[in-house]
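This is what each chain is made of:
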Amino acid sequence: MSSCTPAPTRGDSLDLEVVIDRERCIGSQNCVHHLPAMFQIDDEALAVVIPQSEASAAELDIVVRDCPTEAIQVRRSPLKGTS
Amino acid sequence: MSESDFEFNLFDPEQTQHMWDKMQRMRRECPVAQPSEGFYYTARYLDTQRVFRDSRTFSCEGGFRAAGVEIPEDELFLAEMDAPLHPRLRKLLLKSFNPGMAKGAETFTQGYIEQLLDDLVAKGGGDIVGEVSARVPLAVTGHVLGIPLDDIAELSAQFFALLHTDWPAYGVKDREHPDVGKDIAGSAPELAAYFDKMINDRRSGNVKTGDLVSQMVDADIEGDKLSTERIRSLAINFLSAGLSTTNLISNLYHRLITSDDFARTLRDDAALIPVAVEESLRFEPPVLFLFRTATQETEIADTPIKPGNRLVTGIASANRDETVFDRANEFRLNASDPENLAFGAGPHLCLGNHMARMEGRVAVEEFFRHFGPGELRLAPEYEYHLMPHFLEYGPERLDVVVHAGANSR
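Residue numbers (this note's numbering), protein chains in the order written: chain A, 1 to 83; chain B, 1 to 409.
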């Protein structure tokens with residue numbers, strides 16, 4: 001089973017949720033390189049999403065494609081419209 | 001300026017270790033030079049970082065072996081693996097290789113360096129590279145693996161002998177015995193037997209420890225256990241990769257001994273020691289460059305790259321990129337520098353980077369606990385020479401004399 005770190009983010013016009021699959025992440029830090037305000041490396045040398053951080057859908061698209069292990073998913077937030 | 005000005009022999013240390021001016025001109029005039037047929041050298045930071053980060057376009061296969069050397073699949077080093085094997089193994093190893101590993105090894109490292117420097121003081125001096133900086137990485141990596149310090153000295157002779165054969169062909173071929181062995185067990189039977197015993201003792205439960213070898217014995221990839229050959233090879237991989245830290249410690253010691261300003265600054269403010277370690281890694285990277293192979297057509301800085309072309313990731317040049325680092329060609333302490341590329345970047349980012357940084361920092365801290373200002377000086381006849389290796393950067397020896405007052409504790 002994957003343990004995930006969801007964090008709400010704001011996309012261009014959508015509320016998006018960024019999820020890192022820690023079972024896949026190998027600590028390449030490619031995501032940190034692109035969006036240092038959104039991703040950081042934790043004590044286990046794996047990527048985590050910084051809570052409350054924001055990025056555009058276009059920026060997130062690059063991060064998703066550049067992850068060497070496809071460990072990052074961006075999906076519509078299930079929280080959308082509930083707050 | 002024609003491109004031919006940037007031809008050089010990548011395997012000749014007399015050229016690769018002495019081309020700072022050439023690198024500066026390459027960054028300006030020829031960011032992707034062709035040192036020789038089929039080789040493309042990236043001189044700028046962003047291009048070099050991109051090659052490291054994009055492991056799909058730039059493969060590690062065939063990484064650093066001498067031409068024609070074939071390695072059994074189970075004995076590959078991490079730096080010559082691609083997906084899907086590499087991320088699976090890296091994933092598993094990251095459970096061990098994290099900042100906690102370096103913290104856990106710090107007390108041992110501190111005690112060991114203290115003992116080595118005490119011995120140096122007692123003798124009144126010596127070659128601090130051979131006596132200290134070359135010993136620390138093997139002992140510390142060995143400690144993490146679970147090898148007792150008493151075994152390291154004997155093992156290290158066999159280990160260095162292995163590195164100088166065709167297997168694993170760590171850049172130097174044993175030309176007198178080119179056919180020694182086909183794998184680690186063939187090339188270095190005693191070394192292989194030592195690791196195999198370690199592995200079997202842990203597998204059978206006879207030895208219960210939390211060391212890295214037992215972690216590898218216990219680990220599995222999707223239900224499969226790592227083979228004995230794999231664990232043994234990774235152990236040797238870690239020991240040999242850790243050796244580059246020798247250069248880091250030697251470069252720091254050389255600067256401490258030869259620059260009073262540098263020594264005083266760090267002595268007055270220990271918080272600057274980690275910054276100095278980063279700066280040493282940036283300014284004098286222990287590994288000058290690495291290799292990749294293009295898997296598909298691409299372009300780097302308008303230079304077309306074809307499948308099969310070899311990329312030379314110019315770490316040393318990238319780390320002095322004037323568009324990325326302030327006063328890039330000076331050694332200065334700047335805590336807000338972007339990450340330098342001494343450990344690479346991306347999926348193959350050096351697993352042991354925390355270990356190397358810790359060893360460098362502790363080596364400096366122990367230096368100050370042993371030597372007051374001016375108490376350690378270069379021997380009168382000393383001449384600075386670099387390690388005779390094309391991609392390494394650090395002094396081959398540092399002959400020092402201990403002056404009165406040094407602290408042997």
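The reader is advised that the hints may include incorrect statements.
[What the hints assert, rightly or not] One-sided excerpt, in silico: chain A residues whose CB lies under 8 Å from chain B:
no.	residue
1	Ile-26
2	Gln-40
3	Asp-43
4	Pro-68
5	Gln-73
Hint data in this document are derived by calculation from the structure and do not stem from the laboratory. All values reported here derive from a predicted model rather than from experimental measurement. Just so it is clear, CB atoms sit at the ideal spot from N, CA and C, and this is done for glycine as well.
Could you work out which of the previously given hints the structure breaks and list their numbers from low to high? 2, 5
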